[in-house]
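J.: Line order of the protein sequences matches chains A and B. All residue numbers for the first sequence refer to the numbering used here, where the first residue is 156 and numbers rise by one. All residue numbers for the second sequence refer to the numbering used here, where the first residue is 682 and numbers rise by one.
Hints were generated in silico from the structure; no laboratory data involved. Treat each hint with caution, since some may be false.
Stated by the list, open to error - Cross-link-like lysine to aspartate or glutamate pairs, in silico, DMTMM-like; alpha carbons within 25 Å at most:
1. B/691 <-> A/208
2. A/236 <-> A/260
3. A/224 <-> B/740
4. B/786 <-> A/211
5. B/786 <-> A/329
6. A/201 <-> B/762
7. B/786 <-> A/217
8. A/209 <-> B/790
9. A/224 <-> B/732
10. A/209 <-> B/762
11. B/694 <-> B/732
12. B/796 <-> B/721
13. B/691 <-> A/260
14. A/247 <-> A/260
15. A/236 <-> B/748
16. B/694 <-> A/232
17. B/715 <-> B/790
18. B/694 <-> A/267
19. B/717 <-> B/790
20. B/691 <-> B/732
21. B/691 <-> A/217
22. B/715 <-> A/232
23. B/786 <-> A/208
24. A/236 <-> B/726
25. A/220 <-> B/748
26. A/247 <-> B/748
27. A/213 <-> B/794
28. B/738 <-> B/794
29. B/786 <-> B/748
30. B/786 <-> A/303
31. A/213 <-> B/740
32. A/201 <-> B/732
33. B/694 <-> B/748
34. A/220 <-> B/794
35. B/796 <-> B/748
36. A/224 <-> A/211
37. A/184 <-> B/732
38. A/224 <-> B/794
39. A/352 <-> A/329
40. A/184 <-> B/726
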Amino acid sequence: MFGSSGSRVLNVINISYLQSRSKRVWVRKPLGSPMAKSKIFRITPKPVIPEDEKAEIKRLFDNYKNSMKSIRQYFFEQSLKQAESGEVAQMKHRLEDQEHERLMEENRLENEKTAMVREERLKIQAENTQRNVLASLIKKEGEAKQHEIQIEDFLTKQMSTPFIQPENIEKAIEDALANPVNFNFALDLDGYVYRGKDTSIDTIPEEKRERLNSN
Amino acid sequence: MASALPTFTKIGKVIRLNRHGCTNRPFYHIVVQKTKDNQDGPVIEQVGSFDAMPNSKNEKLVALNFERIQYWLAQGAGLSDPVAQLLGLSGFLPNHPRTLIQAWKNRREPPRERKIEAIKGIAPPLDNPKL
Chain A
156 MFGSSGSRVL
166 NVINISYLQS
176 RSKRVWVRKP
186 LGSPMAKSKI
196 FRITPKPVIP
206 EDEKAEIKRL
216 FDNYKNSMKS
226 IRQYFFEQSL
236 KQAESGEVAQ
246 MKHRLEDQEH
256 ERLMEENRLE
266 NEKTAMVREE
276 RLKIQAENTQ
286 RNVLASLIKK
296 EGEAKQHEIQ
306 IEDFLTKQMS
316 TPFIQPENIE
326 KAIEDALANP
336 VNFNFALDLD
346 GYVYRGKDTS
356 IDTIPEEKRE
366 RLNSN
Chain B
682 MASALPTFTK
692 IGKVIRLNRH
702 GCTNRPFYHI
712 VVQKTKDNQD
722 GPVIEQVGSF
732 DAMPNSKNEK
742 LVALNFERIQ
752 YWLAQGAGLS
762 DPVAQLLGLS
772 GFLPNHPRTL
782 IQAWKNRREP
792 PRERKIEAIK
802 GIAPPLDNPK
812 L
């Protein structure tokens with residue numbers, strides 16, 4: 156009457172195609188169906204429980220729930236302890252320790268190998284650096300020597316130029332006073348130079364005119 | 682303790698009664714199942730049995746595998762009321778309040794009319810008129 160299938164499919168994740176041929180379990184009346192005539196005006200009597208009984212029931216249940224919580228916790232802790240100390244756990248521990256040792260050994264050998272390679276590399280590097288440093292030092296020495304030679308040359312050149320020493324000063328002054336240098340000059344459009352401040356063009360004959368050298 | 686918290690998370694499994702037997706003759710398997718599965722659906726493990734009909738010696742026989750029940754409770758499985766009551770009566774867990782409530786109600790109310798006579802055997806006569 157209320158649409159239902161004769162056989163039910165089991166509520167299993169990976170075997171959903173299995174069919175169950177057992178009795179259909181009545182769970183509830185379908186939601187759209189009308190209320191039965193015998194039940195329309197029915198008022199269900201609410202069970203009256205006295206207050207003290209209610210309190211007693213509550214007390215009992217509170218205590219029970221409390222003890223159940225603690226019992227479950229205790230069982231859980233026991234299971235943890237058992238898992239730690241059981242045979243399977245011990246064997247696992249032993250295997251893990253062995254594995255650990257093996258890996259440590261492997262690591263040690265690998266480290267030694269790489270250490271040897273590193274030693275050689277470092278030796279070669281050290282030699283290289285030594286050689287380079289030596290070469291640079293030698294070069295620096297050479298350069299310093301060159302520099303010294305240059306300085307000496309320069310100094311000798313400077314020394315050879317006629318400086319005015321304290322002994323020559325009077326003579327130098329007299330010479331300077333006797334031979335004044337006049338830097339004034341004039342240029343001609345034809346390219347001739349007339350030196351001196353007060354020279355007149357007419358005083359110099361044509362042949363003795365200077366040609367301006369652009370050197 | 683942070684490590685103890687897993688006991689209170691629901692793992693979706695429950696220890697409850699599965700009705701087997703025939704019409705008017707129930708026989709229950711105490712069983713660990715996923716909560717979503719039907720009563721007659723797939724079972725993870727059977728952990729005992731309960732015969733609701735008293736035998737020739739006036740006993741209701743119950744079998745319980747305490748070690749496995751402890752394991753599943755440690756994993757966080759739930760308990761249905763009847764199974765909790767049975768475990769309480771057996772002494773494995775504290776007595777369920779329902780047992781006590783039923784007891785004082787039985788004492789209070791007059792006995793119910795029975796079609797079948799109670800079997801008198803080796804077990805002591807019932808002082809609980811309700812049964």
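J.: With reference to the structure, classify each hint as holding or not holding.
T.: Hints and how they fare:
1. B/691 <-> A/208: Violated: residue 691 of chain B and residue 208 of chain A sit about 32 Å apart, past 25 Å.
2. A/236 <-> A/260: violated (32 Å)
3. A/224 <-> B/740: violated (31 Å)
4. B/786 <-> A/211: holds (13 Å)
5. B/786 <-> A/329: Given pair residue 786 of chain B, residue 329 of chain A is violated - Cα atoms ~152 Å apart, limit 25 Å.
6. A/201 <-> B/762: At roughly 23 Å apart (the allowed maximum being 25 Å), residue 762 of chain B and residue 201 of chain A satisfy the hint.
7. B/786 <-> A/217: holds (20 Å)
8. A/209 <-> B/790: Cα-Cα ~18 Å, so holds.
9. A/224 <-> B/732: violated (29 Å)
10. A/209 <-> B/762: holds (19 Å)
11. B/694 <-> B/732: holds (23 Å)
12. B/796 <-> B/721: violated (30 Å)
13. B/691 <-> A/260: Violated. Residue 691 of chain B to residue 260 of chain A sits at ~45 Å, over the 25 Å cutoff.
14. A/247 <-> A/260: With a Cα-Cα distance of about 20 Å, the restraint between residue 247 of chain A and residue 260 of chain A holds, given a limit of 25 Å.
15. A/236 <-> B/748: holds (15 Å)
16. B/694 <-> A/232: Holds, at about 19 Å.
17. B/715 <-> B/790: violated (38 Å)
18. B/694 <-> A/267: violated (55 Å)
19. B/717 <-> B/790: violated (38 Å)
20. B/691 <-> B/732: The given pair, whose Cα atoms are some 29 Å apart, is violated under the 25 Å limit.
21. B/691 <-> A/217: holds (20 Å)
22. B/715 <-> A/232: holds (23 Å)
23. B/786 <-> A/208: holds (11 Å)
24. A/236 <-> B/726: holds (23 Å)
25. A/220 <-> B/748: OK: residue 220 of chain A and residue 748 of chain B at ~22 Å, within 25 Å.
26. A/247 <-> B/748: Holds, at about 23 Å.
27. A/213 <-> B/794: violated (31 Å)
28. B/738 <-> B/794: It holds: about 22 Å lies between the C-alpha atoms, which stays within 25 Å.
29. B/786 <-> B/748: Distance ~34 Å between residue 786 of chain B and residue 748 of chain B Cα, so the pair is violated.
30. B/786 <-> A/303: Given pair residue 786 of chain B, residue 303 of chain A is violated - Cα atoms ~125 Å apart, limit 25 Å.
31. A/213 <-> B/740: Distance of about 31 Å is beyond 25 Å: violated.
32. A/201 <-> B/732: violated (33 Å)
33. B/694 <-> B/748: Since the Cα atoms of residue 694 of chain B and residue 748 of chain B sit roughly 17 Å apart, the hinted pair holds (cutoff 25 Å).
34. A/220 <-> B/794: Distance of about 35 Å is beyond 25 Å: violated.
35. B/796 <-> B/748: violated (40 Å)
36. A/224 <-> A/211: holds (20 Å)
37. A/184 <-> B/732: Violated, because 31 Å separates the two Cα atoms, which is more than 25 Å.
38. A/224 <-> B/794: violated (40 Å)
39. A/352 <-> A/329: holds (22 Å)
40. A/184 <-> B/726: violated (33 Å)
Checked against the numbered hints above, the structure breaks hints 1, 2, 3, 5, 9, 12, 13, 17, 18, 19, 20, 27, 29, 30, 31, 32, 34, 35, 37, 38, 40 and satisfies the rest.
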